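Line order of the protein sequences matches chains P and V. For reference, each letter of the first sequence is one residue, going -7 to 146 in this note's numbering. For reference, each letter of the second sequence is one residue, going -7 to 146 in this note's numbering.
None of these hints come from the bench; they were simulated from the model. Hints are supplied without guarantee of correctness; some may be wrong.
Copies of the same chain look alike in the list, so a pair counts if it works inside one copy or between any two.
Simulated crosslink set (BS3-like; lysine-lysine; CA at most 25 Å straight-line) [what the hints assert, rightly or not]:
hint: 1; residue 1: 54; residue 2: 72
hint: 2; residue 1: 69; residue 2: 85
hint: 3; residue 1: 69; residue 2: 106
hint: 4; residue 1: 54; residue 2: 69
hint: 5; residue 1: 110; residue 2: 69
hint: 6; residue 1: 106; residue 2: 96
It should be emphasised that the depicted structure is a prediction, and the values quoted were computed from it without experimental measurement.
Number of protein chains: 2
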Amino acid sequence: MLKKMSKVVLSAALLAGYVGVAQAEMSREDYAVKFRRSSFTAMTWYMGPMSRMVKGEMPYDKALFARNAEYVAFLSKLPKDGFIPGSDGGDTKAKPEVWSKADKFKEANDNMEKETAKLAELAKGGNLDALKDQYGKMQKTCKACHEEFKKKAD
Amino acid sequence: MLKKMSKVVLSAALLAGYVGVAQAEMSREDYAVKFRRSSFTAMTWYMGPMSRMVKGEMPYDKALFARNAEYVAFLSKLPKDGFIPGSDGGDTKAKPEVWSKADKFKEANDNMEKETAKLAELAKGGNLDALKDQYGKMQKTCKACHEEFKKKAD
Chain P
-7 MLKKMSKVVL SAALLAGYVG VAQAEMSRED YAVKFRRSSF TAMTWYMGPM SRMVKGEMPY
53 DKALFARNAE YVAFLSKLPK DGFIPGSDGG DTKAKPEVWS KADKFKEAND NMEKETAKLA
113 ELAKGGNLDA LKDQYGKMQK TCKACHEEFK KKAD
Chain V
-7 MLKKMSKVVL SAALLAGYVG VAQAEMSRED YAVKFRRSSF TAMTWYMGPM SRMVKGEMPY
53 DKALFARNAE YVAFLSKLPK DGFIPGSDGG DTKAKPEVWS KADKFKEAND NMEKETAKLA
113 ELAKGGNLDA LKDQYGKMQK TCKACHEEFK KKAD
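If we strip away everything but chain P, and leave its shape as in the complex, we get:
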């Protein structure tokens, strides 16, 4: 039944236009959750090699670090678009404080964008010590926001 319904919805979406299939299968609020989690996943993917470089677990590659830092700075602008009203349920770890303390959440978000932008700027220079320092500052903005606005993993 679910499979059948999903096919009907899918066909309607395909008739209406190719893109938007995923949205057609779930509510806008659930899709917002999926989207914002996806944006964090993409950020984490590009942080991986930078993290290993600042920890000395892989050789410093200036071009790769700069590319990834640029991508992370760009991606850091995305998540806020997904915290739409009503998207506090479903498959999310967002605490209610995201919405009840919207000003503080915005500030935490702004800090992330600011520090990732600084990292991307510094990465063009290629001074690994400066990058280590700035990578740490960026991480602090992740941590600070998670502690206040994200439920624990279990």
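Based on these hints, arrange chain V on the given structure of chain P.
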């Protein structure tokens, strides 16, 4: 047990550095699948309003269209980074042809990047008819690649 193990892994990841938690919990290949699916999810999110605008389902908003087109053009550069060797299993709809016809897959990917970049460029101008035309051209690159390289939804 799983919960307990996941906490141990998590603690190790936290000691090693804050970011990389997700990677530490799954193989690099599985994380690549998660990442590339995330990048498509983010693209689809920003395509939604553009799709509705070209179909006349919502009023044309030049700034919003241009912003989303720019984001999609940027995001279109991401997925290819996730099709790493060995990531043909797990939670993926990628056909084996992604790897066995790597040149054709690259071409399909290049087409997507090219047409999304054109859409972003055109969007600065604000001619809705031109955008409808280019949006269609972009969609064709999605469709062509999905037909050849993506397994069907069911």
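Hint-by-hint comparison with the structure:
no.: 1; hint: 54 - 72; verdict: between (29 Å within a copy, 21 Å between copies)
no.: 2; hint: 69 - 85; verdict: within (19 Å within a copy, 28 Å between copies)
no.: 3; hint: 69 - 106; verdict: both (10 Å within a copy, 23 Å between copies)
no.: 4; hint: 54 - 69; verdict: both (23 Å within a copy, 19 Å between copies)
no.: 5; hint: 110 - 69; verdict: both (14 Å within a copy, 22 Å between copies)
no.: 6; hint: 106 - 96; verdict: within (15 Å within a copy, 39 Å between copies)
Hint violations for this structure: none, all hints satisfied.
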